[in-house]
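A.B. asks: Each chain, written out:
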Amino acid sequence: MKQKNTYARKRWMVGICFLIPATILCVMFIIVPICNVVKLSFVEWNGISKDMKFVGLNNYINLPKTEGFWEMAKATVIYAIGVTIVTMLSSFLVALAINKRKGPCINRPLMRCLWIFPALLSGAVVGILWRIMFNYQNGLINTVLEFMGFEKINWLETYGVTMGAVIVASVWCQIGLCAIIFLAGLQGISEDLMEAAEIDGANSIQKLFKITIPLMAPSLTINTITTTVNAFKAYELPLNVSNGLPGYSTRLLTQRVYFFSFTSARYGTAAALSVLLIIVITIISMLQLFMMKKRERMMD
Amino acid sequence: MKKRSVSMLLCAAMLSGVMAGTTLNVAAEENADREPVTLQVQMSASEWQSGWDLVKENFEAEYPWITLEDVGDGQTQIEFINSRIASGDIPPVIQVTKQQIYLDLVDAGMMMDLSELEAIKNTPEYYVDFYTSNDTVFGIAQGTAFSTMYVNMQALREAGWEAAPTTWDEFVQCCTDIAEKTEYSPLVVDAKEPTLCYMILELLTASNFASTEEGVTYESNIGIGEYDLNANAKNAEKLEQVVSFLMPGSAQTGMDDVPALMADGTAAMAIEGNWRSTAILSAIAERTGSTEDAVAILPPFGDTAENQWISASPETGYGIVLQEDKNLNEAAKLFLEWLYTPENFSYMQNVKGTVPVLTNMDESLIKLEEGIKSIVPQVASSNAVLMSFNLFSAEAIDAAIVALQDTYSGNSDAKTALDTIVTAAKNYPVK
Numbered sequence: 001m002k003q004k005n006t007y008a009r010k011r012w013m014v015g016i017c018f019l020i021p022a023t024i025l026c027v028m029f030i031i032v033p034i035c036n037v038v039k040l041s042f043v044e045w046n047g048i049s050k051d052m053k054f055v056g057l058n059n060y061i062n063l064p065k066t067e068g069f070w071e072m073a074k075a076t077v078i079y080a081i082g083v084t085i086v087t088m089l090s091s092f093l094v095a096l097a098i099n100k101r102k103g104p105c106i107n108r109p110l111m112r113c114l115w116i117f118p119a120l121l122s123g124a125v126v127g128i129l130w131r132i133m134f135n136y137q138n139g140l141i142n143t144v145l146e147f148m149g150f151e152k153i154n155w156l157e158t159y160g161v162t163m164g165a166v167i168v169a170s171v172w173c174q175i176g177l178c179a180i181i182f183l184a185g186l187q188g189i190s191e192d193l194m195e196a197a198e199i200d201g202a203n204s205i206q207k208l209f210k211i212t213i214p215l216m217a218p219s220l221t222i223n224t225i226t227t228t229v230n231a232f233k234a235y236e237l238p239l240n241v242s243n244g245l246p247g248y249s250t251r252l253l254t255q256r257v258y259f260f261s262f263t264s265a266r267y268g269t270a271a272a273l274s275v276l277l278i279i280v281i282t283i284i285s286m287l288q289l290f291m292m293k294k295r296e297r298m299m300d
Numbered sequence: 001m002k003k004r005s006v007s008m009l010l011c012a013a014m015l016s017g018v019m020a021g022t023t024l025n026v027a028a029e030e031n032a033d034r035e036p037v038t039l040q041v042q043m044s045a046s047e048w049q050s051g052w053d054l055v056k057e058n059f060e061a062e063y064p065w066i067t068l069e070d071v072g073d074g075q076t077q078i079e080f081i082n083s084r085i086a087s088g089d090i091p092p093v094i095q096v097t098k099q100q101i102y103l104d105l106v107d108a109g110m111m112m113d114l115s116e117l118e119a120i121k122n123t124p125e126y127y128v129d130f131y132t133s134n135d136t137v138f139g140i141a142q143g144t145a146f147s148t149m150y151v152n153m154q155a156l157r158e159a160g161w162e163a164a165p166t167t168w169d170e171f172v173q174c175c176t177d178i179a180e181k182t183e184y185s186p187l188v189v190d191a192k193e194p195t196l197c198y199m200i201l202e203l204l205t206a207s208n209f210a211s212t213e214e215g216v217t218y219e220s221n222i223g224i225g226e227y228d229l230n231a232n233a234k235n236a237e238k239l240e241q242v243v244s245f246l247m248p249g250s251a252q253t254g255m256d257d258v259p260a261l262m263a264d265g266t267a268a269m270a271i272e273g274n275w276r277s278t279a280i281l282s283a284i285a286e287r288t289g290s291t292e293d294a295v296a297i298l299p300p301f302g303d304t305a306e307n308q309w310i311s312a313s314p315e316t317g318y319g320i321v322l323q324e325d326k327n328l329n330e331a332a333k334l335f336l337e338w339l340y341t342p343e344n345f346s347y348m349q350n351v352k353g354t355v356p357v358l359t360n361m362d363e364s365l366i367k368l369e370e371g372i373k374s375i376v377p378q379v380a381s382s383n384a385v386l387m388s389f390n391l392f393s394a395e396a397i398d399a400a401i402v403a404l405q406d407t408y409s410g411n412s413d414a415k416t417a418l419d420t421i422v423t424a425a426k427n428y429p430v431k
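If you read the protein sequences in the order shown, they are chains B and A.
Under my numbering, the first residue of the first sequence carries the number 1, and numbering increases by one thereafter.
Under my numbering, the first residue of the second sequence carries the number 1, and numbering increases by one thereafter.
Next comes chain A alone, as it looks inside the complex (with noise of 0.2 Å):
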């Protein structure tokens, strides 16, 4: 009886075994088939760059067809584009925003409909809702975008603050400790980076809404120039009381460089993108020693703790351009499923440290830094007012953040710096 069993065994793992070896040379002869071709995917900019080998090497080894390009690092997300655009040469794997060029590649049809793909059902509606025009799933977020404040603890401690403020009225009261009694500048920020300089105004603007259906009006308006950022003198006013605490030369601050001052001792807090979190809670570390100093927080500029809001957006997503070669489309598509399943997303996500997209994705492979764990609910719970950058175009952007450069570098007023830029966004409307 023993014997047969074992027998019976041992056919059934030769049957699978003969089984198995015919999949996967069915498999390797359709990969063995299939006409090799080179897929371009744009990284520009991109914070899980140090990420790439692994996603290359394991998606080559499953599609050895495919042979991965990473295009457009050293170049900004908008240039590259806009270069290749000009080029008449758009890679087919390509990085997406709400911005216009975006709606306009959409518009003229050479974005590829995301919605079959297996990994939207696994996105929440508002990030899908948000990569959709003219009825195209042009794009796919990669997860969460909100505002940061990075703190010191020990620079904090030095000023005789155990803990991080909660409110407009503590976080004055601590940047002015921080400038008395320690060495460190109280804040600084990476306002070279339209995002983030613009982010400081935004978050001020929106700690001074009447209410969260101003937060509405906000959104709706701005890009057109129809919200007087001036209406209310506290804006401003707030403003004015941020600069004073702005590291000298932050409106020639870089994203990299951000964490090496932090590293160095010379900024006790940030303000950055969560996106930032892992490259500069591990600077703050390495000045501290210690990971329990290293602290993110929410921006406390509203007038309570509970009331506080963030500028939040989907992060930038990945979109297919259009190829007239049906296998690059094909590997494109096929990559985007890939690299959007949870294990893969992995990949990317623990090198970049925030909140993934995807709804799927098990707590055991997300990664998240120490220090930004605790935000992560309050992010869900808070009041969140649209990033900028999809709220202006372009020459309305660029005023907008030159007019605030130059208020951070002390070279001109809050008010002037908020009457430039609603008269930008009034010339330079957003379509």
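Bound conformation, chain B alone (with noise of 0.2 Å):
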């Protein structure tokens, strides 16, 4: 019995020491961080005054009434919303298109690159990218449009429509990593399933809501919660194919922290912008996380 005790106790603290590295590494780049910027949203500081003025939950409170908060709010919601909705849709198109493993295809591997390729640019790249091809005066997209004998289209300076185009170039950019773990999760089920279907008398439409779809529903609930929280977190690509405009309607909340802290040097306030994104970020991912885990379960 002792000699069992022994044994336990050496498993524990040879887990306790590997787990060690991990925790210091943790506490250090992301409980400390996140410990400061909560601490820092207490207090007005420009970053250079020795004295940081405790504030309480001023910054908290005053954040609504700055220039163009629920403008911004607005903006980056819609964003979220309909990056991850289109990204969702198309990527899963795209998964279906490149996991035919019959039929005619021009090179499928080469296929599957050329639709992760966008992935691999960083979003500034992205961003220029998009905001050369909207331009209005000689942008690819308002060429071809011409072309074609239609009207010209302010990409860029119409509201509604910007949101739009800044919306396309995120999800470009996205699709590619999305339809990878869709394309994963495709693979993952049984040609037999989808034979036995076939047999059963069961067409494309059907094998696809009542076999592949319930089975993808892991490979939805991680694309849903990541691609949702790049959008809340979307920085600088929507910065560089909008500048936010117009009006505040394409301005996100990230870029609002980037600018009490870099431009007008208002820390607090800006730090307390960051935790609020963290909470409204949190709760959205563990609502989305209970709903998609509960539907897994019903599909089970």
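Check before you lean on any hint, since a few could be wrong.
[To be verified] Think about it this way: if two alpha-carbon atoms lie no more than 25 Å apart in a straight line, the pair counts; the simulated SDA-like pairs of lysine to any residue are:
#, chain 1, residue 1, chain 2, residue 2
1, A, LYS426, B, ILE61
2, A, LYS431, B, MET52
3, A, LYS431, B, THR263
4, B, LYS100, B, ILE116
5, B, LYS152, B, LEU140
6, B, LYS100, B, LEU208
7, B, LYS65, A, PRO194
8, B, LYS39, A, ALA108
9, A, LYS192, B, ASN240
10, B, LYS53, A, PRO429
11, B, LYS53, A, GLY88
12, B, LYS233, B, PRO118
13, A, LYS431, A, ASN134
14, B, LYS100, B, ASP192
15, A, LYS192, A, GLN77
16, A, LYS415, A, PHE209
17, A, LYS192, B, GLU236
18, A, LYS192, B, GLY123
19, A, LYS192, B, ILE132
20, B, LYS50, A, ALA86
21, B, LYS74, A, THR420
22, A, LYS431, B, ASN46
23, A, LYS426, B, THR66
24, B, LYS233, B, VAL125
25, A, LYS426, B, VAL55
26, A, LYS192, B, LEU140
[Unchecked claim] Listed next, the stretches of chain A that the computed footprint assigns to chain B, with coverage defined by at least 3 CB atoms under 8 Å from CB atoms of chain B:
#, stretch
27, 74-87
28, 251-261
29, 394-402
30, 405-412
[Unchecked claim] Stretch by stretch, here's where chain A covers chain B in the computed footprint (C-beta under 8 Å, at least three residues):
#, stretch
31, 40-50
32, 154-163
33, 246-256
34, 259-269
Derived from the structure by calculation, the hints contain no laboratory data.
Quick caveat, the model's predicted, so the values are computed rather than measured.
Positions of the beta carbon are idealized from the N, C-alpha and C atoms, including for glycine.
Dock chain to chain to rebuild the complex, using the hints, since each chain is given by itself in its own frame.
C.D. replies: Written as structure tokens, this is what we have:
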């Protein structure tokens, strides 16, 4: 009995030893910075003066009163919902297309690589690329529209239209990675299941909704959560496409964090907004996870 | 006798050679004794980036113990400095303006007082005063920045104009003719850049001042929201008229887009700063095939040719942030002393093509684009109002620019924009 206890204690100690490096790293690079941001959100500080003035919850209370806050909050929500829905749908279709094992295809591995290529580019590069394409005067899209006899569209200065343009650019960038995760899910579906369904007389639509989608639930969960979180965190891509215009309609809250810290040197306000964003993203992700898991269990 | 003279001369030459050698050796020994330092110099969105290599090469040859490193390229000046402040790693030589963050650095005792710098003695008093806060001269300007209109004369001739407009009525008629008779957009502005976005409104407002005293009232009150831009209905009216002539997409037009748009013949005129003269005038000349058709004028927004206002300011300056390492402070001071001597300053000025700040700079060292030479004397005699970025807080600038960009893109009217600017200035007053 005593020997068993010693063995268990040894195992426990070894476990702790393995945990220590990761815990130290986690504390140093995640917990401490987050605590610092929270601490900063309760003070007024310009980054230079030695005194940080404690202001309690004032930074949080005054946030909604700052210029354009609600317009930016609305833009962030629209952007996140738009990017998540369009990315999910389009990447699923792409995954279905590149997963096809039968039928003609130019070069399946090459096609897969091409779809992933945009995900390898940095957000800033993608942003500038699409900004050039959407340029009113000589952008590719307006040139094509003009060639086809249509009126040119002011993609980057029209309310409603610009948000669409920003979402398209973001989706283009993310579609490949999501498609890869969907593809992994699709390839995990047994051929036997499909053949059995075919024997039972199921058509393609029925197979998609009754077999493929239910079995893809885990991939769907991962993709939805990561895409939503990424959309809420997005900064450089939307900024480079539209510069936040027209008005505040495509300016996201992350851009406001940058503005508060690096343009107006209000570090307390910037920290308060960051903390608020962390809370919102956490709540949304947990809600999504809860709902998706519930659905996964129902499908099981 | 001759022989003696020759030998005397030879002796003197040898002696001076030995002396020179000794001096050089002393200098070399001095340099050899010095601990090598790397001096970071901020070059954010700098118009003289292409002259940097010459500066670096010549300075390092003279001071081998100092290695120059340019930092901040690719970021705006204010974003760079704020990010470095946040990380506690401010470079010794920084670009400065009159914005709050620099005044905060002075208040915190972090800026070196440059009043003892030799170059300060060769800088006009106004520029020294401009960069003085709390009795500290914290910056030394590079030159004069002022609003300029660049004109493609070939486009104007196509529209039936042999000379550039000189008054508001002529300007409106000229723009109307360009829009009706040519393929060009009458006017483009780099409205993505806050200073230039606001400059049009500033010029229009100034052109409606009842007297020069109103200019002083404007400068002291606009930043705290006490100057009602809509009090004079002409301000909004004129702005609406200008907007109707702007190239679509101007609100999203950046600094580098304007020369491209002038080179490809999209726009006939551009409102920009004089610090962009080299790029824009060359672009127009490239389009027209003649430097004579690339002309710079003062924006003709006044009712008469004599009553023109310009938006002007001492250009971005250079200042020194005190470092713990005394060697770095000394190196930074040496660098500014070196850079602001006429010969070395020309490396910067020749690339920028702007009017230099140094009074001891010989004409032969100054290089100005042909097209802008004629307006330099006019600038000195014009009424001037201080450029916007010195008058507003960061929040107010942001709100003002968003409101104006909305007007330029046709999403909002001028009167609403002006109200927004006044409200923002009131809510976020400059300290």
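A.B. asks: It remains to establish, for every hint, whether it holds in the given structure.
C.D. replies: Quick rundown of the hints versus the structure:
no.: 1; hint: A:LYS426 x B:ILE61; in the structure: holds, 20 Å
no.: 2; hint: A:LYS431 x B:MET52; in the structure: holds, 18 Å
no.: 3; hint: A:LYS431 x B:THR263; in the structure: holds, 15 Å
no.: 4; hint: B:LYS100 x B:ILE116; in the structure: holds, 17 Å
no.: 5; hint: B:LYS152 x B:LEU140; in the structure: holds, 11 Å
no.: 6; hint: B:LYS100 x B:LEU208; in the structure: holds, 13 Å
no.: 7; hint: B:LYS65 x A:PRO194; in the structure: holds, 23 Å
no.: 8; hint: B:LYS39 x A:ALA108; in the structure: holds, 23 Å
no.: 9; hint: A:LYS192 x B:ASN240; in the structure: holds, 12 Å
no.: 10; hint: B:LYS53 x A:PRO429; in the structure: holds, 20 Å
no.: 11; hint: B:LYS53 x A:GLY88; in the structure: holds, 19 Å
no.: 12; hint: B:LYS233 x B:PRO118; in the structure: holds, 18 Å
no.: 13; hint: A:LYS431 x A:ASN134; in the structure: holds, 14 Å
no.: 14; hint: B:LYS100 x B:ASP192; in the structure: holds, 16 Å
no.: 15; hint: A:LYS192 x A:GLN77; in the structure: holds, 15 Å
no.: 16; hint: A:LYS415 x A:PHE209; in the structure: holds, 18 Å
no.: 17; hint: A:LYS192 x B:GLU236; in the structure: holds, 16 Å
no.: 18; hint: A:LYS192 x B:GLY123; in the structure: holds, 20 Å
no.: 19; hint: A:LYS192 x B:ILE132; in the structure: holds, 15 Å
no.: 20; hint: B:LYS50 x A:ALA86; in the structure: holds, 13 Å
no.: 21; hint: B:LYS74 x A:THR420; in the structure: holds, 20 Å
no.: 22; hint: A:LYS431 x B:ASN46; in the structure: holds, 13 Å
no.: 23; hint: A:LYS426 x B:THR66; in the structure: holds, 13 Å
no.: 24; hint: B:LYS233 x B:VAL125; in the structure: holds, 17 Å
no.: 25; hint: A:LYS426 x B:VAL55; in the structure: holds, 22 Å
no.: 26; hint: A:LYS192 x B:LEU140; in the structure: holds, 21 Å
no.: 27; hint: 74-87; in the structure: holds (count 6)
no.: 28; hint: 251-261; in the structure: holds (count 3)
no.: 29; hint: 394-402; in the structure: holds (count 5)
no.: 30; hint: 405-412; in the structure: holds (count 6)
no.: 31; hint: 40-50; in the structure: holds (count 5)
no.: 32; hint: 154-163; in the structure: holds (count 5)
no.: 33; hint: 246-256; in the structure: holds (count 3)
no.: 34; hint: 259-269; in the structure: holds (count 7)
Hint violations for this structure: none, all hints satisfied.
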